[in-house]
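Enquirer: One-letter residues, chain by chain:
There are 2 protein chains.
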Amino acid sequence: MSSFSFELLAGDGAARTGILHTGRGDVRTPAFMPVGTVGSVKAMLPQSVRETGADIILGNTYHLMLRPGAERVARLGGLHKFCGWERPILTDSGGFQVMSLSKLRKITDEGVHFQSHIDGASHFLSPERAMEIQRLLGSDIQMVLDECPAFGGTEDVIERSLALSMRWASRSRQAFGEQPGTGCFGIVQGGTFPHLRERSAAALKEIGFHGYAVGGLAVGESQSMMFQTLEFTVPHLPADRPRYLMGVGKPDDIVGGVLRGIDMFDCVLPTRSGRNAQAFTWDGTINLRNARHAEDPGPLDPDCRCPACRQFSRAYLHHAVKAGEIIASMLLTWHNLTFYQDLMAGLRSAIARGDVQAFAQAFKARYGSRSTVDDSQS
Amino acid sequence: MSSFSFELLAGDGAARTGILHTGRGDVRTPAFMPVGTVGSVKAMLPQSVRETGADIILGNTYHLMLRPGAERVARLGGLHKFCGWERPILTDSGGFQVMSLSKLRKITDEGVHFQSHIDGASHFLSPERAMEIQRLLGSDIQMVLDECPAFGGTEDVIERSLALSMRWASRSRQAFGEQPGTGCFGIVQGGTFPHLRERSAAALKEIGFHGYAVGGLAVGESQSMMFQTLEFTVPHLPADRPRYLMGVGKPDDIVGGVLRGIDMFDCVLPTRSGRNAQAFTWDGTINLRNARHAEDPGPLDPDCRCPACRQFSRAYLHHAVKAGEIIASMLLTWHNLTFYQDLMAGLRSAIARGDVQAFAQAFKARYGSRSTVDDSQS
Chain A
30 MSSFSFELLA GDGAARTGIL HTGRGDVRTP AFMPVGTVGS VKAMLPQSVR
80 ETGADIILGN TYHLMLRPGA ERVARLGGLH KFCGWERPIL TDSGGFQVMS
130 LSKLRKITDE GVHFQSHIDG ASHFLSPERA MEIQRLLGSD IQMVLDECPA
180 FGGTEDVIER SLALSMRWAS RSRQAFGEQP GTGCFGIVQG GTFPHLRERS
230 AAALKEIGFH GYAVGGLAVG ESQSMMFQTL EFTVPHLPAD RPRYLMGVGK
280 PDDIVGGVLR GIDMFDCVLP TRSGRNAQAF TWDGTINLRN ARHAEDPGPL
330 DPDCRCPACR QFSRAYLHHA VKAGEIIASM LLTWHNLTFY QDLMAGLRSA
380 IARGDVQAFA QAFKARYGSR STVDDSQS
Chain B
30 MSSFSFELLA GDGAARTGIL HTGRGDVRTP AFMPVGTVGS VKAMLPQSVR
80 ETGADIILGN TYHLMLRPGA ERVARLGGLH KFCGWERPIL TDSGGFQVMS
130 LSKLRKITDE GVHFQSHIDG ASHFLSPERA MEIQRLLGSD IQMVLDECPA
180 FGGTEDVIER SLALSMRWAS RSRQAFGEQP GTGCFGIVQG GTFPHLRERS
230 AAALKEIGFH GYAVGGLAVG ESQSMMFQTL EFTVPHLPAD RPRYLMGVGK
280 PDDIVGGVLR GIDMFDCVLP TRSGRNAQAF TWDGTINLRN ARHAEDPGPL
330 DPDCRCPACR QFSRAYLHHA VKAGEIIASM LLTWHNLTFY QDLMAGLRSA
380 IARGDVQAFA QAFKARYGSR STVDDSQS
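Residue numbers (my numbering), protein chains in the order written: chain A, 30 to 407; chain B, 30 to 407.
It is possible that some hints are incorrect.
One-sided and incomplete, this derived list gives chain B residues near chain A with beta-carbon spacing under 7 angstroms [unchecked claim]: (1) SER69; (2) PRO97; (3) LEU105; (4) GLY113; (5) GLN340; (6) ALA344; (7) TYR345; (8) HIS348; (9) ILE356.
Taking lysine-lysine pairs in the DSS-like style, the calculated list, with each CA pair at most 27 angstroms apart, reads [unchecked claim]: (10) B:LYS279 <-> B:LYS351; (11) B:LYS110 <-> A:LYS351; (12) B:LYS132 <-> A:LYS351; (13) B:LYS279 <-> B:LYS393; (14) B:LYS132 <-> A:LYS132; (15) A:LYS110 <-> B:LYS110; (16) A:LYS351 <-> A:LYS279; (17) A:LYS279 <-> A:LYS393.
Treat the hints as calculated values from the structure; they're not laboratory data.
For glycine and all other residues, C-beta sits at the position ideal for the given N, C-alpha and C.
Excised from the complex, chain A in its bound form (with noise of 0.2 angstroms):
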């Protein structure tokens, strides 16, 4: 098995590119990592997300304790046997989930009481009990636990946050261990406030991590205030190591995310969006509810390989959304994570022939969206 490790193999201002070796397999970056919430990435099968181009995909430890629990799918050999994906799997810790899904949360120092959202029954998450998790699934990426405080609190609560999320981590690390071939990673909190941000990357550089996360964004900040708070987090992380941008985010936040220097990402959107006739486009976002695809015999988007795009037209996606139909959201999902994947190699491709600026302008220009340039930077 070959050991973890993180090779940069070009950088384009704060962008890099590079690849992270695992021993399930190589993970090419900037990449984008879907989410395999409860052991499948929603309407995929696991070939399917591979021909995307995916390298690498998210299981949410919160869901997969719930159900089918940790110690059954170690029974059954770990989650990668378990949901037929052999590729690099990284597991968050649930501590995201627990704050936002579960009912009668009780924050200790020790860790999270709280019960499940689909049975009600009780359950404890503390560090130690997160990477016990995370190992008897099998992950190869483990994230520590954390809190995850709610957008908008002020300076005092962010900072006492941190601080237990810092202990946690810790804690984490060490239940972690060594591991060969897997990698740990820390998540530096502290809100929108540098000091406090700096203050976290300090901690857990302290420690030492494979990785390192930028938590707490993609809360319901704006995209200039993620922007910012990259700007002056990323400077204070390890630049041998990968960093990772949780829960982030639409292409454009994904580019302007690449720009300052984050490596992995992951969100739902491309997959939600795919089961709610979403489709991205390098032209912007299409809805295929839309009346005016009913008669469009042309493909959702012509420079795409995706079998939407290579095997049916506009037509057909609008009808099979107004039916309800199941293949609907299965071509839709396929389609959006193919559109995800080929902007994560677009990126790469860029940062490796040191244009990644021109590629970023142009991706802005014909996507239309919000700013995904830092102007700041040029």
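Start from chain A and add chain B according to the hints.
Expert: For chain B alone, kept in the frame of chain A given last:
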């Protein structure tokens, strides 16, 4: 384009195997046609349907005339291009669904006035319009419009309905005209009354069709009554034309139908069951929702070649069903259609070898369901 013709390869008792040649390719018989109600075999991509072994699929005229509409499909290049299936498609006439799904039906000799179950809009379906719709869709096998009386009608009711259906059959056949490579099938009605079935078959033969369907079964009668009806109906059908048992059925219904000389079948059972956690195996049906599968590392069916059985455990399928994941519908539909196609392939081989009775008895012994072997013939 090759002409529409039926080539008998071998017979074994009443059972036979052959090839139905159409302008869009061959159909090996006995054949099972997956149902693609509104332009999609639910939860399957067209290439996956083909991978199960299907030579032909069925489209529902009623659903397609309401949404997206036959003229629209024609403008978009026909149903095959629209739904991404280039092989043969059989369409029903819409009559059955008009009777079972629509609102405020009014039947006259001219045709049926009804309201859409989707939006209440008024529509009219006559024999001529039913054939026009099927021609607009580009169907390879077009069914005559008939009236489908409810199960349990008195002889008088069935006889009057039959008379109407035969007048409609004549008008349907005339409206079909001649379409190279395409076939028009008549539908034998007459309930469970031998003399009415015989009269219906004679009337249809007099008109002359490319194939003959047995309608008005699988509407609530017992399996033995269905088999009896086949026994006194099939001998009145031309031996050199394909025979199609509409809307049937369970695996053991199909085995019994083949033993009685049926060549073609369609049913929503494998697809609908697949979306409802039910799997067909050689050892009978399995409900994946059952907790006994929760930790079963074995495949759904060790003898099956489908992705559900090759790549996943029963434990995973159980989990996906419980979690409401779309992949459960995708995998179980794929499995069920594979099972049905493998059953048809087994029947075809057995007939060619001349031991279809042994095949049917072995199937019954293992599948363990209702009687599938015609004891009256052994």
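Enquirer: If a hint holds in the structure, say so; if it doesn't, say that too.
Expert: Structure-based check of each hint:
no., hint, result
1, SER69, "holds, 4 angstroms"
2, PRO97, "holds, 5 angstroms"
3, LEU105, "holds, 5 angstroms"
4, GLY113, "holds, 5 angstroms"
5, GLN340, "holds, 5 angstroms"
6, ALA344, "holds, 5 angstroms"
7, TYR345, "holds, 6 angstroms"
8, HIS348, "holds, 5 angstroms"
9, ILE356, "holds, 4 angstroms"
10, B:LYS279 <-> B:LYS351, "holds, 25 angstroms"
11, B:LYS110 <-> A:LYS351, "holds, 19 angstroms"
12, B:LYS132 <-> A:LYS351, "holds, 21 angstroms"
13, B:LYS279 <-> B:LYS393, "holds, 12 angstroms"
14, B:LYS132 <-> A:LYS132, "violated, 45 angstroms"
15, A:LYS110 <-> B:LYS110, "violated, 38 angstroms"
16, A:LYS351 <-> A:LYS279, "holds, 25 angstroms"
17, A:LYS279 <-> A:LYS393, "holds, 12 angstroms"
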